[in-house]
Amino acid sequence: MNEILLRHRDIKDIGQLAVYRQHEGFDAFKRAVTGMQPDEVTEMVKASGLRGRGGAGFSTGMKWSFIDKNAWPHYVVVNADESEPGTFKDREIMESNPFQFLEGVMLCAYAVGAHSAYIYLRGEFWELAAHLDARIAELEAEGLLGDGLFGSEYGLRIYTHLGAGAYICGEETALLESLEGKLGQPRLRPPFPPSFGLYGKPTIVNNVETLANVPLIVQKGVDWFRGFGTEKSPGTKVFSLSGNVVKPGNYELPLGTTFRELIYTHGGGIMDGRKIKAIMPAGASSSLIVADDKALDTPMDYESVPSVGAMLGSASIIVVDESVSMDWLINKTMHFFQHESCGKCTPCREGTYWMRHLTERIHHNQATWDDVILLQDVASNVKGKCLCALGDFSTEAVISSITRFRGDFEAKVGMPLSAPADAELKEVSN
Amino acid sequence: MNPLRERYGQEIDEILAKYPTDQKRSAVMPLLYVAQREHGYVTREHLGQIGELLSIAPTEVASIVGFYTLYHDTPGGKYRLQVCNDLPCALRGADQFLEGVCDHLGVKPGETTEDGVVTVEAVMCLAACDKAPMFQVQSREGISYHENQTVQSTIDLVDGWRKEEPK
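Chains S and G are the protein sequences, given in the same order.
The first sequence begins at 1 in the numbering used here and counts up one residue at a time.
The second sequence begins at 431 in the numbering used here and counts up one residue at a time.
Please note that a few of the clues may not be correct.
In silico SDA-like links for lysine to any residue, alpha-carbon gap of 25 Å or less [what the hints assert, rightly or not]:
1. S:275 with S:224
2. S:69 with G:448
3. G:454 with S:180
Source of the hints: derived by calculation from the structure; they are not laboratory data.
This one's a predicted model, so the numbers in the text were calculated from it and none came from an experiment.
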């Protein structure tokens, strides 16, 4: 299959402006600015069925259409805070196919009437920010960014902004707070960013990969885009494959490709000939799927993954083999979430702290079955009780591993399971 | 005159120009990077100077330093070697890698070598899960990625730093 997003794998040097332009680069943007109404661009993206690639899978065109036209100015903010453990796709797109990404930002800005766009990059992407700054300068020199573009009245500037190490800033309202120079803590919603965003103005926040789809949708049309993927999840997706596989990496495949094809055909199967045990399809925020035949044959799209008990999310597929015990794994994920909780909501701040300590105790053979029950109890008291999804995310691996890989915990706490404890566990997990 | 503005006037103007004139506070993070370049960490004096440039209180600047992990308020090694040992990297040997590097340097994660050249830190996911073991190096010059590493390649890198002329 030819790539849509990772086109640098087919077209060497597409990261150079001249080469990108030889491949119809910026034709879509020029056509939009000179011949299309902003709403026409939004309608096209809506009709394409493109869904946000940052994790939520919400209709991109729909989001754009929510922008409040009674308040101005409008802003576009790109979420390039890629921090979910297991996710490394946006980095490759920005590094190797930067102009397609930037053209996507420009089309979005035109569609929603924004004259300023900010790309919020995680602070670790220091070199990448310099790389993008240089590409933006090239576009300004070529007259593709700036005032009065193509003789129209439309003008646009794009700025990069570096974060400084905080997973929470991938949450869109925390990102906006951070961009305003404050602590990266989520806002109470509603209002949502399309009505109250950056500096309190209407703002569209989109993920890097989402926007990288837009130039080709506008250039080649809705039907072409819908030729990939499934009816409800059209297009391709960059799957970041990591963990115990022979060939980890980014693989761009149509949405609806099975886990088996990704892991075994593209990823070369499991390292050292071991057997697969579990899959986390949405990075560390994911529930653990038991990697049986049913799961492996499940199509990776937004509708199908929930049928095996997880979400597709950002499609960061972490593969776990039989050598891994779940008590170790959730100790790792809890270490992460405790560190990254922003501290605003009490259930998350305190819950991640206690879950981390309980997983530590279980992992270091200092626990009894009561601690496993307590861990589940704490998790269920965090879930659904916070302003943003981080609290929920922290519980997914914990709850799913205890219910689906119970044997690992029984072996760890060294206690034969008694009937009352069993009943208690079921009650908590409901 | 504000010492930061005196030393980095043009750079500070360029940073401020990115944001609306009534939203100067947005520049606090880029200005902290400018300040941190001086000594490798942010000093108490910097907090006041940045606060003055942006018309916010020094404690508000300090809250930003405290919240985000890439700002430091105490001196560390000349190079901060920040190893990712989060779940995806750990599945590919990052914990053993970190231990090997620490053993060789005679430090624990979070500690600085006696010669002050390197601080080893364990950090959260760096979006390079397919190229583990990996780390980033934070220094006064910025941040760089080092992927598909071995203990030996890391030791070679540190040995190279040790041969550098002191700046």
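Comparing the hints with the structure gives:
1. Of the pairs offered as hints, the one joining residue 275 of chain S and residue 224 of chain S is violated, with about 39 Å between alpha carbons and a cut-off of 25 Å exceeded.
2. Between residue 69 of chain S and residue 448 of chain G, the direct Cα distance comes to roughly 24 Å. Compliance with the 25 Å bound is thereby established for this hinted pair.
3. Between the alpha carbons of residue 454 of chain G and residue 180 of chain S the distance comes to roughly 9 Å, so the proposed pair stays at or under 25 Å and holds.
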